[in-house]
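Novice: Taken in sequence, the protein lines are chains A and B.
Using the working numbering, you'd call the opening residue of the first sequence number 1380 and step up by one each time.
Using the working numbering, you'd call the opening residue of the second sequence number 304 and step up by one each time.
Please note: incorrect hints may appear among the correct ones.
[Claimed, not checked] For the chain A half of the interface with chain B, some residues (derived, Cβ under 10 Å), not all of them: (1) Glu-1473; (2) Pro-1478; (3) Gly-1479; (4) Lys-1482; (5) Arg-1483; (6) Gln-1485; (7) Phe-1527; (8) Asn-1555.
[To be verified] So the derived list for chain A, only partly shown, Cβ under 8 Å to chain B, looks like this: (9) Arg-1437; (10) Ala-1440; (11) Asn-1484; (12) Thr-1487; (13) Gly-1522; (14) Asn-1525; (15) Gly-1558.
Keep in mind the hints are simulated off the structure, nothing from the lab.
The beta-carbon is built from N, C-alpha and C at its ideal position, and this holds for glycine as well.
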Amino acid sequence: MKVVVAVFPGTNCETDTKYAFEKIGCTVELLFHKIDTLPSDTDLVVLPGGFSYGDYLRSAAIAKFSPIMHAVIKYANAGGQVLGICNGFQMLLEANLLPGAMKRNQKTHFVSKYQYLKVVNNNNSLLKKLDIGEIINIPIAHGEGNYFIDEDKIKGLYDNEQVLLEYCDRAGNKENPNGSVNEIAGLCNKNKNVFGLMPHPERAIEDILGSSDGAKMLEGFLK
Amino acid sequence: MEIIVNIQLKNGVLDPQGKAVHHALLALQFNEVQNVRIGKQIILHVEDNEKEKTLKRVEKMCEDLLANTVIETYTIDMKS
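I would like the entire structure built from these sequences, with the hints used as guidance.
Specialist: Here you go:
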């Protein structure tokens, strides 16, 4: 399986992401943001975490106009699978591939820690190896992860099984590290080919590092 | 021509930065402050052109890049 990881100026999770997908048996190619076409054998595009363009203006506001993003948007609209992690999730929101927007964390601090998450829907590639209601433990690291969407659109997200993950505590009770609407930590589009999440599954693929729950997510994409 | 674009979080969208600054002002005994909202100001220098046309172009800049209209509103002030 061929995974393409897009690299923007300021991206800093591309090597971890490459390592994680190689560990589960994928071929991974890092692609610089100035390249405007994706390899024809691409099975999955990953927009990794970091601080693209220094987070100037707003997180991911400038990245969405990169040449590679034109190719990624075209790829996604044609049904191709795209996964945005952290800053990559912000890019998908800015590019309107996913609904809503990110604000500064409610307490204005950058949050970097392990975080429990509850699986809300698993009828999709990212979470099909996990059970609904399962509690997993994956690191988060962001300053603008306060997910916002107009109140009248929230129900639609749940009805269409677009909500992937919600922040919680070890027992599964609500816990909100950043102020996100309904504790939402990850989303997919209606067609379930575009995925965005703030937690970093690529940082949770080996028990020695504290958790291997992230590997189960990435393995869901394997053909 | 100088154009000033002000960008604000929409009414009803909680502003975490404004809230933090408000708390700090209250801690400094500025008790008369009732609310704080923080925005961005972007100053554009644009080559002189028809005012109407320029305004249309700046609106497009706001919609495409300068503001995220899911959570933000903008105002455009054209100094001639």
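Novice: Is the interface hint for Gln-1485 (chain A) satisfied, with its Cβ closer than 10 Å to some Cβ of chain B?
Specialist: For Gln-1485 (chain A), the interface hint holds, since the closest Cβ of chain B sits about 5 Å away, which is under 10 Å.
Novice: Using the nearest Cβ pair, does Pro-1478 (chain A) come within less than 10 Å of chain B?
Specialist: holds, 8 Å
Novice: Does the nearest C-beta of chain B fall within a distance shorter than 10 Å of the C-beta of Arg-1483 (chain A)?
Specialist: holds, 5 Å
Novice: So, as I understand it, the hint says Phe-1527 (chain A) touches chain B; can you test that by seeing if any CB pair is closer than 10 Å?
Specialist: holds, 6 Å
Novice: For the hint on Lys-1482 (chain A), just tell me whether its beta-carbon gets within less than 10 Å of chain B.
Specialist: holds, 6 Å
Novice: With chain B as the partner, please determine if Thr-1487 (chain A) meets the hint condition of a C-beta pair closer than 8 Å.
Specialist: At 5 Å from the nearest chain B Cβ, Thr-1487 (chain A) passes the 8 Å test, so the hint holds.
Novice: Given a cut of 8 Å on the nearest C-beta pair, is the interface hint for Arg-1437 (chain A) held or broken against chain B?
Specialist: holds, 6 Å
Novice: Is the hint on Asn-1525 (chain A) kept, meaning its closest Cβ partner in chain B is under 8 Å away?
Specialist: holds, 7 Å
Novice: Can the hint on Ala-1440 (chain A) be confirmed by a CB-to-CB distance to chain B that is less than 8 Å?
Specialist: Since chain B brings a Cβ to about 6 Å from Ala-1440 (chain A), closer than 8 Å, the hint holds.
Novice: When the nearest CB of chain B is found for Asn-1555 (chain A), is that gap smaller than 10 Å?
Specialist: violated, 13 Å
Novice: Restraint: Glu-1473 (chain A) near chain B, CB-CB cut 10 Å. Satisfied or not?
Specialist: Where the cut-off is 10 Å and the nearest Cβ of chain B is about 7 Å from Glu-1473 (chain A), the hint holds.
Novice: For the restraint on Asn-1484 (chain A), tell me whether the closest CB of chain B is nearer than 8 Å.
Specialist: holds, 7 Å
Of the numbered hints listed earlier, those contradicted by the structure are 8 and 13.
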